[in-house]
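**Student:** Sequence:
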Amino acid sequence: MVTQDESYLMLVALISVVLLIVFFVKLFEIAKTLKEIRDRMPDKKDNKKAP
Numbered sequence: 001m002v003t004q005d006e007s008y009l010m011l012v013a014l015i016s017v018v019l020l021i022v023f024f025v026k027l028f029e030i031a032k033t034l035k036e037i038r039d040r041m042p043d044k045k046d047n048k049k050a051p
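Using our numbering, you'd call the opening residue of the sequence shown number 1 and step up by one each time.
Do not take every clue at face value.
[What the hints assert, rightly or not] For each label pair, taking beta carbons as the anchor points, the in silico distance ranges come out as: (1) Val2 with Ile37: 41 to 51 angstroms; (2) Leu9 with Met41: 45 to 55 angstroms; (3) Met41 with Asp5: 27 to 37 angstroms; (4) Met41 with Tyr8: 46 to 56 angstroms; (5) Ser7 with Ile30: 32 to 42 angstroms.
I should point out that these hints are in silico values taken from the structure, not numbers from a laboratory. The model shown is predicted, which means the values in this text are computed figures rather than measured ones. Even glycine gets a Cβ: it sits at the ideal position worked out from N, Cα and C.
Throw the hints in and build the complete structure from the sequences for me.
**Tutor:** Below you can see the structure in the form of structure tokens.
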């Protein structure tokens with residue numbers, strides 16, 4: 001038999017794991033969109049080289 005405290009701990013562990021997965025997925029999506037925006041923008045280094 002699983003006691004009340006153990007079931008509560010399992011529930012908290014499950015929720016924390018799901019939140020961690022969602023957090024990393026969102027972080028990956030944000031990084032991907034930032035990379036796309038950076039690719040669209042002209043490089044500032046090239047502008048400095050131009051006379």
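**Student:** Do Val2 and Ile37 keep their Cβ atoms within the hinted range of 41 to 51 angstroms?
**Tutor:** Cβ of Val2 to Cβ of Ile37: about 49 angstroms, so the range 41 to 51 angstroms holds.
**Student:** Using the C-beta atoms of Ser7 and Ile30, is the stated range 32 to 42 angstroms upheld?
**Tutor:** Since Ser7 and Ile30 have Cβ atoms about 35 angstroms apart, the given range 32 to 42 angstroms holds.
**Student:** Does the Cβ pair Met41, Asp5 satisfy 27 to 37 angstroms?
**Tutor:** At 54 angstroms between Cβs, range violated.
**Student:** Is the hinted range of 45 to 55 angstroms satisfied by the C-beta distance from Leu9 to Met41?
**Tutor:** holds (48 angstroms)
**Student:** Using the Cβ atoms, figure out if Met41 sits within 46 to 56 angstroms of Tyr8.
**Tutor:** 49 angstroms Cβ-Cβ, so the 46 to 56 angstroms window holds.
The structure fails to meet hint 3 from the earlier list, while all remaining hints are met.
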